[in-house]
Amino acid sequence: MKITQDKTKNICFLVIAGILALCPVLLNSGVISSSSFVTYIGKCICFCIVAIGLDLIWGYTGILSLGHGLYFALGAYGMGMYLKLQATDGQMTDFMKTGGLKKLPLIWSLFRTLPGTIVLILVIPAGIAGILGALIFRNRIKGVYFSIISQALTWAGYSLFIALSPYTNGNVGITEIQSVFGSIRGKRHFSNMAMLFYVSLAVLIVVYFLSEKIVKSKFGKILIAIRDGENRTYFSGYKVSAYKNTIYVISAMLAAVAGALFINFNGSVTPTQMTITYSITMIIWVAVGGRGTILGPVIGALLINLCEYNLSSGVLVDIWQYIIGGLFVVMILFFKGGLMGILTEQIPAAIRKRKASKPLDKEKQELQAH
Amino acid sequence: MDDEARTIMKIRRVSVVFDGFQALTDVTADIPEHKISFFIGPNGAGKTTLLDIICGKTRPTQGNVRLCNQDGTETILTRLPEYKIVRLGVARKFQTPSVFGGLSVMDNMMLSLKGHKSVREALFYKMTEEDRTLILDTLKQVGMESYTEERAGALDHGHKQWLEIAMLLVQKPQIIMLDEPAAGMNKDETRKTGDILLAIKDRCTIIVIEHDMDFVRQIADEVTVLHEGKILVKGTVEEALENKEVQAVYLGRGGEKDA
Chain A
6 MKITQDKTKN ICFLVIAGIL ALCPVLLNSG VISSSSFVTY IGKCICFCIV AIGLDLIWGY
66 TGILSLGHGL YFALGAYGMG MYLKLQATDG QMTDFMKTGG LKKLPLIWSL FRTLPGTIVL
126 ILVIPAGIAG ILGALIFRNR IKGVYFSIIS QALTWAGYSL FIALSPYTNG NVGITEIQSV
186 FGSIRGKRHF SNMAMLFYVS LAVLIVVYFL SEKIVKSKFG KILIAIRDGE NRTYFSGYKV
246 SAYKNTIYVI SAMLAAVAGA LFINFNGSVT PTQMTITYSI TMIIWVAVGG RGTILGPVIG
306 ALLINLCEYN LSSGVLVDIW QYIIGGLFVV MILFFKGGLM GILTEQIPAA IRKRKASKPL
366 DKEKQELQAH
Chain B
61 MDDEARTIMK IRRVSVVFDG FQALTDVTAD IPEHKISFFI GPNGAGKTTL LDIICGKTRP
121 TQGNVRLCNQ DGTETILTRL PEYKIVRLGV ARKFQTPSVF GGLSVMDNMM LSLKGHKSVR
181 EALFYKMTEE DRTLILDTLK QVGMESYTEE RAGALDHGHK QWLEIAMLLV QKPQIIMLDE
241 PAAGMNKDET RKTGDILLAI KDRCTIIVIE HDMDFVRQIA DEVTVLHEGK ILVKGTVEEA
301 LENKEVQAVY LGRGGEKDA
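Order-wise, the sequence lines are chains A and B. Residue numbers 6 to 375, in the numbering used here, belong to the letters of the first sequence in order. Residue numbers 61 to 319, in the numbering used here, belong to the letters of the second sequence in order.
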């Protein structure tokens, strides 16, 4: 039963991926008229990746991080700087000159090549998460205290990126950049856009199955064990902090990958991505989709963002934030498993109950008839 | 009783102070190998604190606990983190059943196996036939071999307790510590728990904290009575229960009728 359920989830994911894959095709054949919609779906794919990463640490390990926007933004800034340097031929950018820098800072000079950029996009967030995690988890800081620290960290990042204006262009962020494949705006650049879209989708598919593999392994079961009984896990001989730290690093790296892909679609990154609102929005995707499954966050991220695309521009624009907030509260209070939980547990349970009570009803009727 | 039993663990002059409250005072005891040693005493006597000290959850203010290895050397447990103490073969069961509710009984057992505890090993671990046999054999000892695919969180109280005992056994520990294993069990379940412990004592040493006197009479080799953080009496069940001081301590508190 459990195995068939896992299979169903994977098939479900592949169907979703298949539908996503059709988007550029539909655009090309004219069924979808707006290319900005397809760009938006591209961004949603990135959101799915960060949501999976968040779920690994929250849904599976039970650690609520309210600061993944930091890692998302780090990935975006890294990739953004590479793209910017492409435009300036590896020379200083305008904002650096305005900021009074004499030459390209060493840290950014490492982002001149794509391979270097990709490595750093993974290594820098991993390093930061690894060091912070080591300090936090070794000292057994957990629960709400961890959440608060993670939130403070993303604020610290936000302030730092604004303060280091000559290096990061402060409030404005890195703007006016093209994707790795060149411009993706408009019908003329359809092939660039399609290429970027499919690369991102491929990354999502790899991340999905890799995460499935992680959670099905003994490592994944230890994560669940930590969530269900941290004490018992210690007393089963596991160095819990090492496990927490590993999953924190993996999840930070996924957020960075998502950020790096995102900026290709978005064309800019600003420190807003490091605000708390942004990190909490990510949490909502996971909560609504269903934590503790890999499929849940994918569905949550897609669904909420598609709703936002369709609803937040019309009459609902003023109350959209309230709807999202309300949905989050309802989910947390009544549907801990999110949509996935409703589909795989609550509905089957309701059906079973119905089936079980039916014969009883009959008996009652018969009794009354007599 | 065989008096030649080797001492496997030495508790030496252990004192614990929590914010001025003296939870344990100068507790010294030797734990004999392959025996079932009980620590009994009224609430607040410091029994659970003593287990906390041995397994590394709490650090003593003074004194230490030493594990006597087969080769005659001694390892000081009170300086090690809990996961290292576990790896030395000192396992503990908590008072409330603490199994991994979201996982199957099989997975609960798999995680409790000895070895493969590092992150890297865990990522690439594959269960061997040998491990599977060991798990099934251990589950059989507690009468749960047919429960492998059940979700641990859905088991009833008794089965959770037995599963947790099985999780300790599968680590092949030298010492097993149980904190009120019979709490919340009915008479039959308590007896079954006692039988399980009697069956395993030739393979490991067992330390138990308990209130239920029938359970103590059923299986205890040795009883140590703690009161207000100090050792009151040490001896066989009869010796301990006939002791006037012990009776006063229990009866003076409104009494557990069995004592």
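Wrong hints could be hidden among the right ones.
[Unchecked claim] Here are some of the chain B residues that sit facing chain A, going by a computed Cβ distance under 10 Å:
| # | residue |
| --- | --- |
| 1 | 116 |
| 2 | 186 |
| 3 | 190 |
| 4 | 194 |
| 5 | 203 |
| 6 | 205 |
| 7 | 207 |
| 8 | 224 |
Hints are computed from structural coordinates only; laboratory data are not their basis. Nothing here was measured: the structure is a model prediction, and the numbers come from that model. Glycine included, each C-beta is placed from N, C-alpha and C at the ideal position.
Do the hints match the structure? See the list:
1. 116: Because about 9 Å separates residue 116(B) from the closest Cβ in chain A, which is inside the 10 Å limit, the hint holds.
2. 186: The hint holds - residue 186(B) has a Cβ within 10 Å of chain A, the shortest such distance being about 8 Å.
3. 190: 16 Å, violated
4. 194: Hint violated; residue 194(B) Cβ to chain A Cβ min 15 Å, cut 10 Å.
5. 203: 21 Å, violated
6. 205: At 19 Å from the nearest chain A Cβ, residue 205(B) fails the 10 Å test, so the hint is violated.
7. 207: 15 Å, violated
8. 224: 8 Å, holds
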